[in-house]
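Student: Top to bottom, those sequences are chains A and B. Each residue of the first sequence is one higher than the last, beginning at 1 in the working numbering. Each residue of the second sequence is one higher than the last, beginning at 1001 in the working numbering.
Be aware that a few hints might be false.
What the hints assert, rightly or not - Chain B stretches covered by chain A per the calculated footprint, using a threshold of three residues with CB under 8 angstroms from any CB of chain A: (1) 1151-1163; (2) 1267-1280.
Unchecked claim - Facing chain B, from chain A, some residues (calculated, C-beta under 7 angstroms): (3) A222; (4) R223; (5) H234; (6) R237; (7) D312.
By construction, these hints were calculated from the structure, which means they are not laboratory data. From the three backbone atoms N, C-alpha and C, an ideal C-beta is built for every residue, glycine too.
Below are the chains, spelled out letter by letter.
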Amino acid sequence: MRLFTWWLRRALSAVVTLFLVSILIFAASRLMPGGFAEVVLGPFATPEQKAEVAAKYGLDESIVVQYWLWLTTALTGDFGISMISGEPVTTEFGLRLPVTAQLTLFGVVAAILIGVPLGVLTAVRAGGRRGGAALGRLASGLGVSVPEFVLGSIVVFLFSRYALGLTVGGYVPFGEDPGGNLRSMLLPAAVLSVFVVAVTARTTRDAVLNVLVEPYITAAIARGESPGSIVVRHVLRNASIPVVTVLTTVTAYLLGGAVIIEYLFNLPGVGTYIVQAVGRRDYAVVQAGVLLAAVVFIVMNMLTDAAAGVLDPRFGSAAKGRKR
Amino acid sequence: MTPLLQIDDLVVDYASGGRTVRALDGAALTVEAGETVGVVGESGSGKSTLGSAIGGLLPGAAKVVSGAVRVDGDDVNSLRPTQLRALRRERLGYVFQEPIGSLDPTMRVGKQVELALRGRGTKADVLPHLERVRLRDPERVARSYPHQLSGGMAQRVAIALAMAGKPEILIADEPTAALDSQIREEVLGVIFSLAAESGTTILWLSHDLPAVAKRCSRVVVMYGGRVVESGSAGEVLAAPRHPYTAALVRAVPGELAEGERLVPIPGQPPVLDGPSEGCAFAPRCPDADDACAASRPPLVSVEQRDVLCHLAEETVGAGR
């Protein structure tokens, strides 16, 4: 029951957050210098022409009225039309979401399959011989700090200059040509994964190192448990919360669109679309896009909390309203 | 006959931030099977390092410089990893100071006991093991997570885990320091009766001389990384031979008649960065002379007592 009211409170606060975000983004998009009419008609348009365009799209109303109209229709699931293409915003996003979702999926899978084991391994080996730990730190440091556009540009250059079997650009939807889709997605996914894997590995490593110095680990060693058993039975679960947090954050971040990667590899994803919409003052698209990103972040945060409650019984009782 | 535990001239250094701290400066101790030994010393005297060294549990920053630890004649520091694990699993048991902290917070207690029993018991044996440490509601405890237990309950669980394999030696490092005073005696009672049942030798590391003397057959006093006095508990407490032990006895509240003053020990315990030149206690010792500061005291055996003091023979009759 307490758990239920806790989630109810979380849901209510999520709704309030979304409402505030919607106001903020609405105001911000209208505060951008130059409106839609200027962008469409160019610099030499007469005031009469501008007023005509503004009236056509309802932009001559006061901002409060505009917001009210947008909010009430958005609540019915209608986020308006793109003023550039004339298509419903939901249709436009529907075309681009698969690209973003696919990139996100690749990135998160790489983070789980490569980043997490790498982090555990470097942490467990940290006390051990030779420079393995230093090498791991160097690799993850490079992965975190080399900007995506640098690595991405190098990859684009190499693969367009020399025939290495993979294509740069030329995106085809998975449904049309799965093989071609994978060939065009593999490179951007790999570049994206370098960063995601490095962040995950580093977080995992720190979390595991923190657990390894806990007294219950010493106690397990003193009972003669083997290193493998200690990692599997005692370390992983206790180190999991920061790792889950970074994974959900990365997921939310990627779902918001990997703008630089999309630009470099010419992918029609959500990120590029929103950036273009900002430039074109395509208000409905910007509003829906930012709201989408906010929803993703809020949902991911709630998922993180739910996971923490499952993974660590102490969080579970906190969620039930009991003080630790 | 090989003694159960033999520690020879053990020297252990800790590397910390570019400098070296000597935790054990030639500690020596021999324990026979069935003894109950209380190792007494201040923080920094080296007793925890001594306890960890027995199971090869010294942290990465620690280095065994010289000396040896032998359990049943096996040199702990030259065992291969699998042999060391077998030693810890089959022959040693550890109970630490922090009761809740030494249990895995994300695993139910029953499961942790089951894990400790692996290879020597099944799920059905979990409850009897919790009953043995006199937990009142073993079924509920087995279902609980560590944070749902009190400190005393958690320490009983830790004892059950340590005693699951009927170890030859139980090393209890300040097992009651984090507990409320009224449950200390209960927890100690559990440790000593369980050990007596399974014929386990106890090595109890503590800073509380009278508490140790009450339960142990032998008391070992440590100072500056060495064992300075060792003998039967009653005699050490009644007639200490080492000036440090004598000072400890005088500093104990409750052992005095009303109106008598507690005598504090002046100065600070030493922090060594290498072998001590002379007697580590010399700067604080009321009886020290020039020889004490200049040369390391040898071990003197007087009347079934081992004393590490230049003046040991003289102090015999002094009635300290």
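Student: Next step is simple, just say for each hint if it's right about the structure.
Tutor: These are the hints, each one checked on the structure:
no. : hint      : result
1   : 1151-1163 : holds (count 3)
2   : 1267-1280 : violated (count 0)
3   : A222      : 4 angstroms, holds
4   : R223      : 6 angstroms, holds
5   : H234      : 5 angstroms, holds
6   : R237      : 5 angstroms, holds
7   : D312      : 6 angstroms, holds
In terms of the numbered hints stated before, the structure departs from hint 2 and from no other.
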